[in-house]
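Asks: Sequence order for the protein chains is A and B. With the first letter of the first sequence counted as 1, position 6 gets the number 6 in the numbering used here; the numbers rise by one all the way through. With the first letter of the second sequence counted as 1, position 141 gets the number 141 in the numbering used here; the numbers rise by one all the way through.
Hints should not be assumed to be uniformly reliable.
[Unchecked claim] Restraint ranges, calculated between C-beta atoms of paired labels, are given here:
1) A:Leu-65 / B:Gln-482: 30 to 40 angstroms
2) B:Thr-559 / A:Gly-59: 28 to 38 angstroms
3) A:Gly-325 / B:Leu-160: 47 to 57 angstroms
4) A:Thr-148 / B:Arg-108: 15 to 25 angstroms
FYI, nobody ran anything at the bench for these hints, they're computed from the structure. Even for Gly, the Cβ is constructed at its ideal location relative to N, Cα and C.
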Amino acid sequence: MDAPINPDAIASLKASAPLKPSRWQQYFFQWIDKRSPPAVAVLLGRKNLYTFPTVMGFGFLGLSLLLWVLGTNYQNNLILALSYLLISLFVVSILHTYANLAGLNIRVAGAKPAFAGESVHFVLEVSGTRAKGNDNIVARWWSGEPMTFDFEPPAAIATGTAQQAQSITVSLMASRRGYLRPGKLLLESTYPLGLIRCWTWLNLDACAVVYPKPLKADFPALSLDDKQGQHGEPTAGGDDFSGLKEYRAGDPIKHIAWKHYAREQGLYSKEYASAQQADTWLQWQSFLHLPPEARLSALCYWALEFDRLGVPYGLRLPGKQLPPGLDDGHRLSVLSALARFDTRLAG
Amino acid sequence: MDASIEAFEQHKLIRHENLLWLIVAQGVAIVPLLFHLPPWMWLVWLGAMVWRLRIYNGKLAFPATLTKFMLGAACVGGLMVSYRGQVGVEPMIGFLVCAFILKLLELRTHKDGLLLLFIGFIAVGAQFLFTQTFFMAFYAWTSCVALVTAWQTIYLTRRLGVVHKLKSGFFMLLHALPLMVVMFVIMPRLGPLWHVPLPQGTGQTGFSDSLSPGDLGQLVKSQGTAFRVNFNAGRAPSPNEMYWRGLVLDEFDGRTWRLSAQWDMTLKNDPRFVPKLTGANDLIDYTVQLEPHQYPWLFALAEPIKVTSIKATRQNIHITQQGLLTAHRPVASRIQYTVLSASADDLSGSALSAAEQAQLLRLPAGTNPQAQALGQSWREQYQAPQAIIATALTWYNQDFHYTLEPPVLGKHSVDEFLLTTKRGFCEHFASSFAVLMRAAGIPARVVVGYQGGTYNALEDYWRISQSDAHAWVEVWLANRWQRVDPTSAVAPQRIEQGIGSALGEQDRALVGAGHYQAPQWLGAWRERMDAAGYVWNRWVLNYDTGKQSELFARWFGGTEPWRIGAVFIGLIAGMLGGYTLWVIRPHRSRKTPLQKAIEQFDKTCLKLGYVRYREESLALFAHRLAEQKKEYETACHDIARISEHVLYRQDHTDEAALMTALKQFPKPVHRP
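Based on the sequences and whatever the hints tell you, model everything.
Replies: Okay, structure coming up:
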């Protein structure tokens, strides 16, 4: 009867095994954790910036050496001078690369909630005091996608309060519902010459709520003639269902034959002799045939669907009940409740 | 997954504005080299540039691997043909430049861009193999600025103006300069690690190893510098005594003087040839900076007794038995050597061997019969060599003319000159005089070199130019060689005041292309530039281990390794400290006048006992203050109102008003 749920869809709800840092990186991260505990705002400086030559940096040193050999073999002081100039340029570029990151202030501004399987956009506030500004900085969460930003030099600050901050968004794929702690933030730059990489791993105290990934599942107990239907709770005697008619704009949304719709048979309105306003409840028990995570996903799907259709709905989870409602605030509380729900409570 | 990698790599591609910078930087680095390479390379460069720009405009695609290979092969083939398969510096640089140019056609990613720039730096270094003047160094600096600027634009993601970019590249290099100077001065110098070929492109200058009538007449017309001399103890001989000996020619074929094969350039290893000093009063100590002339012979005053080459790493210099200096390889780059010369009076020699005697008297039979007959008649007439020499010089003085454009001479050149034309240049006088002496039984040989020089008071040195080229004669008298200059008998001004004053008006125009008529300011300018070049050569190009230890001894009191190490580390540490303060200084930035006014206002309030919190805006604080301090209410409300205007109206007059209000606080301000 019920359209079978694609097992792949359920499988996709299971979070793939999280990436693990390499052993060396783990030691490095442990060391960083000791040096800097998680914080909401971090000032980049001597204590948390590291520098090391890039591959191109070593190549450039090789080039300087080549010129040095050329100058020595030809006893040509100007070629020697050029090779020394290049080595000096390398040394100076260490400082320039460091200065490009030093003095930046990174602050967690927040994150927008997202559904599992989507990217969570963490918003960071960047501010700096360098008159030249800061160029070409790459930011990425440990397992996330890199993004590049520049910090423009602050313009005249009229209010005189804080420095002008610039918001950047660093995204991270949320693999499962719940709280997402993005882990360490990498900030790196090889500006201006690409010879030196200056980087830092920041322990930022950021957190985002991840809603369950919506899973399209049949709304189970709703059959057109089922009196224990979860969808409508018709008042006694008022349930003289008279038939289906094709949905037309303006029909009450509550009368839509969801089961037919869910089977993709088309959109129909149920006709009642005397339809009563009834509350719709999203219940944990309704989806007992699904694994717990999929259950939450199905509830999420229906919450969104009802919200879209304008049907007030309530939520009943083990240990948590939200009375029916229909507005943005209600939707957020329902979704948060789904996101935070501890499946162990359900037994 | 692949798509995401591609998307990530996207920002590693060369953007259009970098491409223009890279092309310009490459052009700046490449142009000086192209002058030393076959002319068709210009076309290759232009072609590659046009092709890349058309790729940039989307008109053409990047060349396929096969096309690139064919282009590379064509360039290599072209170079092989142009250089006839030789291996040397020029072909190697040709390959480098080819790779540099063709790299343009596969310029896609940041990495390609960096590679292009790296080759660019090698190209800048390669320029110094050909030219090492101060101007070339300045040009190389400019090239480096262009390269570094192009380099920075690869990593720059903001849009900045051209001047801004250039400035930032320039300052980056400027920051590197002090460290470079320290390394240049302190880093130890090593000798060549292995043998390397030298550039061949520069032609031989100066005279060759033979002397025919007219040779020197051509040479003196060139304006170039032969060498520069600095007299170390400040004791310079008078200019008329400055006979810079280069070569001794002792074989005559009737027209041309050459080196005799047997004497050639025999080294003076034999203690027999080491001159014995009889009186050490008259030693002259001087340093010669010789321009490359591609010949092995060097120049010195008679009679060199000791020579040390300052650039000993490249050239071993010896004294030959004829009292000449010779390097073991042709002089292909500027060298510098110090000589100690004793005047001939202080030396004692030994008698000539029979073979030497015969060689020095030999005249080819059947040539110049009249001159030979004349010499023999003098021998019978006078007996004493001094008398014969005096007779000849008197004759020259009375009958002959000194001119740069003598009549052309035929087979018996000496006869024709002595008896018919009687007009000649120094080689005519030297050649004929030596023939006469030999005919008269006096061993004689021709010496070629330079005579005189121009003093440069700015840097205290003498510049000897090609127009000072000269030939004279040495005769064997009283068991030693004595100099006789027949030219001085004809044109004493040549020896006393230089060639410019010895020549007639017409000839003078031929020497150095009007050098002598140059206006005074131009002459002074030339002198100044020459002095700058001399200092550049002496202190930068010829800076070596010897100069290094000299400098260390003078500045740091010694040359011990620990001392040098300490100085090096100290300087580097000091410099890095300075850099850290100067380049990094993360917490300092220029404050706007408004920010300063706000700071001043905060301080005033602090004195009144009110602190503005970090997150509190001016307006909020002013309102809070107004409530608590009724006497400042008006002023506070002014500030609050104007600061809101500044925030929301974005009008510059508001900013100015806010500044006055802040500065005048606690007096109220009423806006007009």
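Asks: Taking the earlier hints as the rules, which of them does this structure contradict?
Replies: 1
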